Amino acid sequence: MSRETVLHKVRTALGRSAGQPLDQPPPVRLRIPVVELEARVASFCTRIESLAGKTHAARSTEDALEYAAGIIAGRTAVASNAPILRECGITALPGVRTGIINRDELRALCATAAVGITGADYALADTGTLVLLSSQQEARMISLLPPVYIAIVKRECLLTGLDELLTVLPRPAEQTSSMVLITGPSRTADIEQILVRGVHGPGEIHVVVV
Amino acid sequence: MSTLFDEKIHETLADPKLQLAIYKATGRLVEERRKAIEPDICPDYQELRTQANAVKRHTIEHLDYYLEEFARNLEAHGGKAIFCRDAEEVSDFVLSLAKERGAELIVKSKSMTTEEIDLNERLEHHHLESVETDLGEYIIQLAHERPYHIVAPALHKTREQVADLLTDKLGVPRETVIEKQTMIARAVLREKFLAADIGISGANFLVADSGAVVLVENEGNARLTTSAPKIHIAVAGIEKLIPRAQDLAVFLKLLGRSATGQWLTVYTSFLSGPRRKNEIDGPEEFYVVLLDNGRTKVLADREKRQSLYCIRCGACLNHCPVYRKIGGHSFPWVYSGPIGAILTPQFLGVRHEPGLPFASSLCGACAEVCPVKIDIPQILLDLRSEVKKAETREGTNRLERLAFRVWAWVMRHPRIYEIAGMAAAALAPSRDSGWVRSVPVSAGPLRAWLSQRDLPPAAPKSFRQMWRDR
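So the protein lines, in turn, are chains A and B.
Position 2 of the first sequence, counted from 1, bears residue number 2 in this note's numbering, the numbering being contiguous throughout.
Position 424 of the second sequence, counted from 1, bears residue number 634 in this note's numbering, the numbering being contiguous throughout.
No lab work stands behind these hints, which were simulated from the structure alone.
Any given hint might turn out to be false.
Stated by the list, open to error - Within a straight-line C-alpha distance of at most 25 angstroms, the following computed PhoX-like cross-link-like pairs (lysine-lysine) qualify:
hint, chain 1, residue 1, chain 2, residue 2
1, B, K245, B, K583
2, B, K234, A, K9
3, A, K9, B, K514
4, B, K390, B, K227
5, B, K234, B, K390
6, B, K390, B, K379
7, B, K514, B, K390
8, B, K507, A, K9
9, A, K154, A, K54
10, A, K54, B, K245
11, B, K390, A, K54
12, B, K379, B, K227
13, B, K514, B, K379
14, B, K245, B, K234
15, B, K234, B, K218
On a predicted model such as this, the values are computed, not experimentally measured, just so you know.
Isolated chain B, as found in the complex:
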């Protein structure tokens, strides 16, 4: 585990206000989801999950076919598919388009994919103003932070902190009433929407048979982003595809319920191409960026490619006992929680944060609530084994390997095992009652492991002794 990961975790654990905020917010989302999938409300919930998993599996296994079908249909409706290998290609595309069209102001709706490639920073570096318009994203953009949670990016901010931010950054009088804070943001962002040259959105789904981008949201900012400016660019990972518009009947029901407990979100937009000849408004140009950025690497692993089924609902975060303690900013990349713990090592390499796949109790809650049935615990185990293999190759875990070799040898020799057991019992500091809280070796390499664990006292007689005496 890296020091930074360790430090961030301890920082979060030491902040009682933050602990309460995470606990309450995730708890509420857990409860809302539970109510929305109750058998009398959603009797076919499990069948929907099975279908969603089957459709995603089929799509990912034939991804090249559906990417081509999507691009063909998008272009038939006057849109353009832009394939990009990495972050740089995306920002190059946006920058050159902005330059050609003389664009200066960009409005953005929430997109984890653009967070993944730091698009705002890249654009601002070239003096383009790029404004987040989802309220939570706007707040964290003002604070120069990254999202705390996949669906609730400003989950960790209190109304007092938001009040300070708005005063600092916008120069408005301090306002601590949440309704009024929201209206301040509405007024500022409304001006931006009406003045923006380009709107950049993400995509919840890309529909191959329609060449369409589907966006779900509650605020209306995604509708404004994709309809008010003359140019709409949707940035999506290549894994967002589904084959048919009719598949939305399954995915939309699962996404809203799993994310916030909504049967459907307030707005669902199904967008294909620029405005048609007979239509009154809508963008004049429509681009869909299809981003690789490491996804083909994930795709190459037959077992772990199911990580790409994810529809970013955030349910695994809300139900994860680890996320609920350590929060979103302890995680080393933009994707946090269980899904982040399996995506990060696959995108950035297992050595990026080797402690990550181990930061899990493997309780299985994530797999149980995942609407597309990703087997997250199994993938965590696979990644743990990859971390260990990498360490062995590099020779960085010699001591650990030696310890396990000794352990294995002892376990294969019953007499030695018995002697070792007797020695441990004799050395243990307390054998009468309770738990052993201070172990002599706790200053050594086992310090981190033992700091969280008490050992049971040694029994007066071992099982073998009792068996002989019987």
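Just chain A, same shape as in the assembly:
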């Protein structure tokens, strides 16, 4: 429609001509501290808990399964197709639906389920953030529609922070249409600055580090 008009107005305003080359942009600023794995796990858990999320450092897959089963407690749950959930045996728990690849079916299920369960592609230790890339394994709705959310994170996925994530994944769009960073439960303070959790997304979040 107005592509050429708008671009022409921009060039005129800047005194540039079409196709004029670029000056060197300022170099990217990324700082990655050296932090031992144990310290990363500790910081990650502390941050999530400071945001009223729950964490569990699991000693084994069995331990992770036991913790998750306790949260699900027989309620209806939707699990993503992440291999880690199968490895832990979570997908075999009663009440847990998994393996869904149809968009509408998944959405309907997520809209009624009590619990959503996913893996995580990465996690950021300094902010307590989960990083999920949309794929065949991970759908967008599971971490979003059910009121309770459980994420199972492998220890080796723990990065120091955002700077390391963007070093490992300099162009996320090459891999996925959607990368989402999740830092704590959904919240709002729009009425009188009073904090309320679970406004649109899950108000309860549990993160298990395996």
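Starting from the known structure of chain A, fit chain B onto it as the hints suggest.
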């Protein structure tokens, strides 16, 4: 200053409940930000600001290049870039797309850009239902108001007012507990999300090297808006570009901290194109509207184009002694506070509200807290000079010009100055103590100026006299 601007200011000042609400909310945001940038928590805060300013400057100076790069990469991922000159082109695009796809219901996540072009009203005019889903935006949509604050749109509403609104508009029993009010909104909006045909979002950043839209939020409504419906349209001003995904390491840290004191907001979405073949959910169609609507006019001014660096964090509002007294609705346009005071005259013309650039003490707090280092006080001064030049051209400030000419003449003639000083001292009503509260000329054109100021009494002897007598 227009009468309307003046009236709104006095209305706000006369409402003690509103005064307290503004004071508390902005005060809390100031405190949260302060804690989040403390040196032991964010040691490189100042370096981040310097980098953000450098990146924004570079991007804005080469905006045509990055717009083209963005559009190219977006389209490589199956999305479409829609360039629009103004509000009408945006609503025409949305309306024709909705018509083609048979869409009736639109869900919206918070976007100042769509507020700027009154998109909801334009769509509703054509019988499309367009529902705001951010809790604060939903409340003000029910109340038919505009946002009170860039990041806290319903800052001025009390729980009682929200209770009345929900009862009036939704027919639910009156509920004054905030948690329960939130859950009522959640239930209503959940239905809308699942039924909506189109989701419209704004954009916090547009990433050129990825063709991606980045959205930050706390509620999850932006994720739902951009993922649940089959069509996602992001509406963004052309100035939202940053060159590289890696630049987000700087901007995301600054935005959350400056806005609400969060190290990162609850959700950050990095979205590029519709869902890919192997993905389970996400939209089937993905459009990014790149809106001019006056931005190229701002861009043409070499000094003031830095106004376009703004990332809409709202920190300048929270720290502004003027905003904290007069509130968001006194400002003549959707953008309020210091950033509104520099954007409004540049977008709508300096004559739209000539009093606006003058409604500032130039204390400089806004520039000090701005995460991208926009020199707001300097731009206010430039705009003041433009207002005066426009008035001179139109001949509307003859009296003021005459007064200053007389003043300048007196100042150049020491004898006249001395006589004038003696005359003023003789005429002044009180010379013994305290301040002069009623000045004889206070009924004239200086009324507004003097109503806020007391004058010091004239000294018994002028400096010149004391110098001669020494």
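Do the hints match the structure? See the list:
no. : hint               : result
1   : B:K245 with B:K583 : 20 angstroms, holds
2   : B:K234 with A:K9   : 43 angstroms, violated
3   : A:K9 with B:K514   : 17 angstroms, holds
4   : B:K390 with B:K227 : 23 angstroms, holds
5   : B:K234 with B:K390 : 23 angstroms, holds
6   : B:K390 with B:K379 : 16 angstroms, holds
7   : B:K514 with B:K390 : 46 angstroms, violated
8   : B:K507 with A:K9   : 9 angstroms, holds
9   : A:K154 with A:K54  : 16 angstroms, holds
10  : A:K54 with B:K245  : 24 angstroms, holds
11  : B:K390 with A:K54  : 23 angstroms, holds
12  : B:K379 with B:K227 : 24 angstroms, holds
13  : B:K514 with B:K379 : 43 angstroms, violated
14  : B:K245 with B:K234 : 17 angstroms, holds
15  : B:K234 with B:K218 : 20 angstroms, holds
Checked against the numbered hints given earlier, this structure breaks hints 2, 7 and 13; the rest are met.
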